[in-house]
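S.K.: Single-letter residue listing:
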Amino acid sequence: MIEFEHITKRYGDTAVVRDVSMAVAPHTVTVVVGTSGSGKTTLIRMVNRLVEPTSGIIRIDGEDNRSVPEFELRRRIGYAIQGHGLFPHRTVAENIATVPTLLGWDRSRIRAKVEELLTLFQLDPDFFGARYPHELSGGQQQRVGVARALAAEPNLLLMDEPFGALDPIIRAKAQEDLIAIQKHFGTTIILVTHDMEEAFRLANKIAVMDKGEVVQYATPEEMLVRPATPFVEELIGASERPFRLLAIERAGAAVEPGAAEGPPIAEDLSQREALSELLWSGREALPVAASDGSIVGRLSLDSLIRRAARPR
Amino acid sequence: MTVGSIREKEGGSLPVDKLGVIVAALAVYGAFLATFVTYRANRIVQGEARTILESLPPSLGYGLVALVSAGAAIALFKTSAAFRMLAASAVLVALSLLIGIAADHLMPADNAYARISPASGFWILFFAFALLAADALTRMSPGPGIRLLFLAGVLAVMSGLLATGRWDGLSILKEYASRADTFWAEAGRHLTLALGSLAAAALVGLPLGILCHRVDGLRDAVLNVLNAIQTIPSIALFGILIGPLGWIAANVPGAMAIGVRGIGVAPAFVALFLYSLLPMVANTVVGLAGVPQAANDAARGIGMTDRQRLFAVEFPLAFPVILAGIRIVLVQNIGLATIAALIGGGGFGVFVFQGIGQTAMDLVLLGAAPTVILAFVVAITLNAVIEITATGRSPGGSP
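For the protein sequence lines, the chains are A and B, in the order given.
With the first letter of the first sequence counted as 1, position 240 gets the number 240 in full-length UniProt numbering; the numbers rise by one all the way through.
With the first letter of the second sequence counted as 1, position 27 gets the number 27 in full-length UniProt numbering; the numbers rise by one all the way through.
To be clear, the hints were calculated from the coordinates, so they are not data collected in a lab.
Note that CB positions come from ideal geometry on N, CA and C, so glycine has one too.
Check each hint, because a few of them may be wrong.
What the hints assert, rightly or not - To give an idea of the interface, some chain B residues facing chain A are shown, with a C-beta separation under 10 Å as derived from the structure:
hint	residue
1	Asn296
2	Asp297
3	Met304
4	Asp306
5	Ala312
6	Val313
Using the sequences and the hints, build the whole thing.
M.R.: Next up, the structure:
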């Protein structure tokens with residue numbers, strides 16, 4: 001549990017972050033969204049004290065984050081940034097081993113952890129371990145950056161626009177990987193982005209920031225249905241609302257009994273993807289398949305249209 | 001590689017190498033029109049010029065002319081870099097060997113005062129084929145290790161020629177022979193001045209550079225002061241230092257005992273140290289400023305202390321740039337230390353200024369040649385080391 005209590009940060013007369021109070025539940029993904037200059041990066045940098053708040057308290061699992069020396073605090077919190085921030089003079093394995101080495105883990109434990117993480121991120125440890133960061137593609141560098149942040153098994157991971165430098169296809173893959181990793185370790189993640197699409201894809205809860213204030217802190221559904229301010233509404237994009245609503249729910253949740261023509265879609269795809277498939281193939285309904293390939297029912301255009309309407 | 005291919009395109013129908021034309025022209029001039037050695041009855045009288053054929057036994061004389069002509073032909077036409085390197089090396093080794101033989105050949109049997117020294121023809125030939133060798137070496141684009149190996153080879157050939165006495169007939173070595181004991185003492189003093197002031201500058205400059213990097217306001221002030229020092233002419237700086245150092249020697253107890261004097265080694269050392277500070281501090285600042293912002297931010301964010309960040313991230317990444325600063329300092333100091341002789345600081349400059357005083361150019365050369373060679377060796381070695389330390393971390397390390 002991470003609690004922000006009346007956090008304010010001023011530089012001179014300007015308040016970059018203004019009286020922010022919110023609580024992040026453990027084992028969830030919280031995405032902080034805002035335009036540039038909204039204070040979102042400053043907000044998460046106050047969690048690991050790269051920035052000290054002017055006033056207010058941040059508690060991590062009930063403990064004031066100023067109760068331990070900052071370097072000790074930071075070693076317990078994962079930190080991944082845009083452009084990965086890998087050390088160019090160290091190999092991939094050495095980069096990932098940085099925090100465990102600082103913590104004084106023994107050699108064999110470090111080696112095992114590096115191999116585990118590289119394998120988890122689909123990078124062959126024998127091939128990539130000894131490479132230097134500049135020998136890797138952008139997507140691979142980014143994965144190593146996240147692997148390094150996770151190396152000391154932190155309960156909390158802070159990510160500052162981690163996927164900002166990636167092209168759309170690799171970014172989508174990186175987001176999927178992140179969801180899988182989060183399920184695997186149960187890590188609490190606070191992620192900063194300016195991309196609403198990314199927020200809706202990853203978040204259990206979204207905090208929208210504007211001019212230093214959190215204007216709404218809510219689940220994606222709630223934010224769609226009841227945007228707190230016109231700014232939030234604009235950020236979501238009025239024309240995107242029905243599709244964002246569908247994107248939150250899985251196809252399996254809208255299955256009705258019956259059969260339909262044509263190739264099936266997987267039940268764990270989003271309803272938005274199902275709608276897209278229906279529209280593109282010109283069908284009224286399509287079969288839905290479970291992960292083992294068996295048909296569990298059908299999904300109709302009508303039901304999706306009903307579901308895309310504003311909930312009352 | 002690209003240079004070669006561009007040359008080939010421009011070459012058109014005639015397979016003539018552009019640089020080769022210059023080398024060949026110089027070779028023809030040096031071999032046939034200029035004089036090979038100068039003969040003087042003693043060390044300060046006007047010399048008499050001798051051509052290649054006049055200064056060598058006939059077989060060797062014609063042999064050298066033939067070899068130079070062949071080398072010029074190889075240079076003139078487009079040939080492989082390795083072949084050009086081989087030809088240039090052969091001519092250079094032959095020149096080095098034969099200049100010694102010419103000295104022995106021309107030396108009258110019972111005259112210890114006669115002086116034989118290389119003349120314009122020799123130097124032009126040497127320069128032409130050194131140019132060819134350097135160009136061939138560049139075209140082969142060898143790694144730093146190979147370059148060091150080449151350097152070691154050249155030094156080995158030179159020491160071989162010196163150790164076996166092949167050059168003993170040359171005037172510069174005659175000068176050496178009469179000063180052998182002081183030569184090594186001055187060499188030691190020269191190196192002590194150059195390396196000692198470098199060490200002191202590194203000891204002060206690195207922390208000062210780090211401080212300048214961390215404290216914004218300090219950087220401009222420090223660099224401006226060091227810049228101002230750099231503009232003081234060296235002789236003037238020596239003069240300026242005589243006053244304060246003399247005062248310290250006279251008034252601070254113990255200062256005299258550790259060698260502080262108004263003239264001599266102390267002001268030379270201090271002056272070289274002051275000149276060394278600017279490249280040292282400036283390169284440290286530039287090197288640290290070049291460390292990627294993201295790497296620094298990540299280092300802080302994952303819990304490195306300031307000291308850990310300095311030694312584990314900033315310093316290794318800035319190291320090639322800092323090393324480049326050390327190279328500048330060392331080459332600069334080796335040259336500048338020559339002037340220390342003016343105020344009694346010793347070093348190779350002693351021979352240079354004695355030589356100027358006696359109008360004995362051979363003695364000037366005895367001081368100048370080792371200085372140039374030393375600076376050259378240091379520059380090549382440190383360049384190779386910089387390249388070695390920088391590889392493996394930056395994208396596109398080799399062209």
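S.K.: Now, for every hint given, state plainly whether the structure supports it.
M.R.: Hint check:
{"no.": "1", "hint": "Asn296", "result": "holds (8 Å)"}
{"no.": "2", "hint": "Asp297", "result": "holds (6 Å)"}
{"no.": "3", "hint": "Met304", "result": "holds (7 Å)"}
{"no.": "4", "hint": "Asp306", "result": "holds (9 Å)"}
{"no.": "5", "hint": "Ala312", "result": "holds (8 Å)"}
{"no.": "6", "hint": "Val313", "result": "holds (6 Å)"}
Checked against the numbered hints given earlier, the structure satisfies every one of them.
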